[in-house]
Every structure is written in structure tokens, then in C-alpha cells.
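Enquirer: Residue numbers (UniProt numbering), protein chains in the order written: chain Y, 1 to 198; chain E, 1 to 198.
Read the hints as simulated data drawn from the structure, not as lab findings. Some hints here could point you the wrong way.
So, partial list: chain Y residues that the calculated Cβ filter (under 7 Å) puts toward chain E [stated by the list, open to error]:
hint : residue
1    : Arg18
2    : Ala22
3    : Val55
4    : Gly96
5    : Glu105
6    : Asp107
7    : Ala108
8    : Ala118
9    : Ala145
10   : Thr150
11   : Ala157
12   : Leu168
DSBU-like cross-link-like pairs, simulated, lysine-lysine; straight-line CA separation at most 30 Å [as the list claims (entries may be wrong)]:
hint : chain 1 : residue 1 : chain 2 : residue 2
13   : E       : Lys123    : Y       : Lys37
14   : Y       : Lys37     : Y       : Lys47
15   : E       : Lys123    : E       : Lys47
16   : E       : Lys37     : E       : Lys47
17   : Y       : Lys47     : E       : Lys47
18   : Y       : Lys123    : Y       : Lys47
19   : E       : Lys123    : Y       : Lys47
Glycine included, every Cβ here is placed at the ideal spot set by N, Cα and C.
2 protein chains.
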Amino acid sequence: MRDTRAELLLQAETLVRRRGYAGFSYADLAETVQIRKASIHHHFPTKSDLAHALVAAYDARYDAALAEIRAGEPDAIERIAAYGALYLGGVEAGLGCLCAVLAIEGDALPASLRADIARFFEKHIAWLENVLAEGVAAGSVRVSAEPRATARMVVAALEGALLMERLLAGPEGFRGTLAALCDGLRPAGVSSGRTDTI
Amino acid sequence: MRDTRAELLLQAETLVRRRGYAGFSYADLAETVQIRKASIHHHFPTKSDLAHALVAAYDARYDAALAEIRAGEPDAIERIAAYGALYLGGVEAGLGCLCAVLAIEGDALPASLRADIARFFEKHIAWLENVLAEGVAAGSVRVSAEPRATARMVVAALEGALLMERLLAGPEGFRGTLAALCDGLRPAGVSSGRTDTI
DNA sequence: AAAAATCTACCTACTCATTGGTAGAACAAT
DNA sequence: ATTGTTCTACCAATGAGTAGGTAGATTTTT
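Given these sequences and hints, build the entire structure.
Expert: As C-alpha cells, this is what we get:
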């Protein structure tokens, strides 16, 4: 037995992340999943239904990952490094962030979808703000501005790096940015852990 | 007399930056410029011709802006703040970065266009690397990793912030990220100029 | 347990608007 | 008179979405 719905979600996600929301069609998806176009409409009546489902699934996966990082990693900088590593998978696979893709086409999207995407980002910012605040309290993080602004900056930097390095230097380039980002948050004098400088 | 070509470039740029490359059509453009669809093809035979012209014009404007910043502003951090302020215009107008938009839809674009976009980003990175290196030499900038990686990080952070804050907190949010970014580059102990903390 | 009704998943075969793009005529400027 | 610009009038292909039907599994009724 084959879970067509899950297969549709999987393939649609990679199509969107590769070519954008407006850049892929039900026909494309039908071909990669080996199903008729009309059958997709059975699972996802409209394209924006599909988009909503994609964001929900993507968001849920990130939720799980964030919780796991929080549970498994005590150090703030390491948490951020682990968070950054989540994006790395996208760079390696040549896929943009689903929500970044949708955010960019925002004006052509239904408002409800835009709200979902906004929530996705806000959630990440809140998570990071928390991580940073704990790190500051523990003395393992040096934040110049308020943690909130720094949290926004971290998400922005990673989203931007994923966007850019997919075209430029690939994983190599992304790792460099991640290292620079983490180094900037470390208290003075402490060197990086990833960029085996020692 | 009316410069139709320039008008087409201007309106096409805002359309792309608002809705994405695949998300706008010659019909849309024709309507906003008040011209027939076929007349656009006279100026830009194919859609990718138009895209190339858009990137070229955009790139040229940034070239000019970067040169002006370099000439008019001696301090490295202030240069970066001024560079960031270029993006702010986009946030205020609700427009994404043209090259970010195109980068995201990369896989659906002609390779030559992708090359143009890559060059755009590389140029910015090189410019920032230079600014940072000079700043380090002058003692006005503290770079933890190599300047090259930090330069990539700065572009990524600004591109990401533009992408994100257009949906979230707008100019307010963007300015926060820019401030956090600049603060992170300042030598220890020196506070921000924008975030009137004092 | 058998029969009837319903549901799920998929199909073929459309609709109809929109897509990028073309051909060739009309108009405008020099 | 020629060149550059815009037009009308198309085209074939593709877009999302619909109509209506079929095979098989499940549930409900008897």
C-alpha cells in the first residue's frame, strides 16, 4: 500500500523549494508522482490547500527539530549551531527554505498562507530569543543588542545564507557563514568549535 | 515623449519584486504600463531577455550606490550601516530584493540568468570583504572569523532580513536586525549609534 | 452472512482563462 | 523613405479546476 497523500506532499515540497510556488504546476507534480492531475485535486482541492498542507508539515518538522535540539544540547552556541545545521540540509540538497520561497512570492499568495508563514518565522525567532537569553544568563553568549533583535538577525542570516549559498559556494559557503555567525555571539577570546582552528 | 523601455523596466522590476518572476506576466506588465502585450515583445523579445535587463539595471544601481558609500563614508561600520540602509528601501516599499527573488526560483531560470545573479552577490561580498578588512586594519571593526566569511554573513543577514521583515515587523524589524548586525561587528565596549541606548 | 449503501481513490475527458510568443499592418519620427 | 514603435489579431501550449464515472474497500442494514 502506498500513501499517495504523503508522496504528494513530499514531491510538491521539493518542487516548490526548487522552482517556487508559481513555478510548479499540478501537471509537474502529477508526473513525478505518477498519478493523474485530477487525482491530486482529490487530495488537495486547490493549489493553496496544498500550500497550506505543505507549510503545516514543514512547520511541524521544524517544531520537532527545535524541541530535540533544546532537549539534547545544553550550550546556547551549540544550540544555534545545531539550528543552523538544519538549514544546511537544504543547501546540500539544493533546496531553498519552503517558507522563504513562499514569503518571496507573498503578494501573489492568499493572506491566510502569508499568516502561516509569518507564524513560522515568529516561532523560530521566539525560540532563538529564549536560547540567547539563557545563554546570556549562563555567560556563554555575548549579545550586544537585545536578544530579540539578535534572534531576528540569526534567522535572517541563516535564511539569507541558504538562499544565497545555494547559488554560490554551496555547503562550504553556508558553513562559513554559520561559523561567522556563531563566532560573533561567543564571549570575547573564545574561538570556534566547528572551524577546527586548533 | 515617453521612454517606454525605461517605464517597462521600472514596472517589471516592481512586479517581479512583489510577486516573483514566474508570478508576473507580460499581460500584467502591459496593463500597468498601458501598452499592448505585443509591444513589450518589441522591447524585450522574450521574458528572460527582460529578466537579464532587469538584473543589469539593478546591478548597475547597486554599483553606483556602493561606490558612493565608499567615497562618502570613511568608517567601516557606518559603511555597512549605509549598505544595510539600501535594503531598507525595499522593506519600506514592500519589495523584495530582485536577485533574491530570482535566486529562489533559480532552478526554473535560464543558466545565464543564474550566473548574473551569482555575480551580483559575489560583487557585494567582495565589496564588504574589503570594507571589513579596512575596518579591521583601522581598528574600528572586530571580525571573529575571516573577513570573507563575515562578508558573506552580512549579505546573507540583510537579504534574509529583507525577505522576512517584509512579512513580519517591517522597517522596524529590519532596523533592529541591522543594528544587531553592526553592533556585533563593533569592538567590545562601543555601543550602537542607531539604537539610542544612552 | 448477504445485500445494499456509502466512501475512497483514482480515472478520462473535458472547460476556459491565461501563458509567452508571432505576423503583419498602421502609425510616427527623422 | 526609412526606421522605430505600437497596434490588432492571432497561435499553440499550459494553467488550475470540474464533471462525471469506475473499481474496490468499508459500513450499514436486513
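Enquirer: If a hint holds in the structure, say so; if it doesn't, say that too.
Expert: Each hint, compared with the structure:
1. Arg18: 4 Å, holds
2. Ala22: 4 Å, holds
3. Val55: 13 Å, violated
4. Gly96: 5 Å, holds
5. Glu105: Holds, about 4 Å.
6. Asp107: Holds, because the Cβ-Cβ distance from Asp107(Y) to chain E comes to roughly 4 Å (cut-off 7 Å).
7. Ala108: This interface hint holds because 4 Å falls under the 7 Å limit.
8. Ala118: At about 5 Å, which falls below the 7 Å cut-off, the nearest Cβ of chain E leaves the hint on Ala118(Y) intact, so it holds.
9. Ala145: Nearest chain E Cβ about 4 Å off; hint holds.
10. Thr150: Hint holds; Thr150(Y) Cβ to chain E Cβ min 5 Å, cut 7 Å.
11. Ala157: 4 Å, holds
12. Leu168: 6 Å, holds
13. Lys123(E) x Lys37(Y): 43 Å, violated
14. Lys37(Y) x Lys47(Y): Given that 30 Å is the threshold and the Cα spacing comes to 12 Å, the pair holds.
15. Lys123(E) x Lys47(E): 25 Å, holds
16. Lys37(E) x Lys47(E): Distance ~12 Å between Lys37(E) and Lys47(E) Cα, so the pair holds.
17. Lys47(Y) x Lys47(E): 25 Å, holds
18. Lys123(Y) x Lys47(Y): Answer holds: Lys123(Y) to Lys47(Y) is near 25 Å, not above 30 Å.
19. Lys123(E) x Lys47(Y): 38 Å, violated
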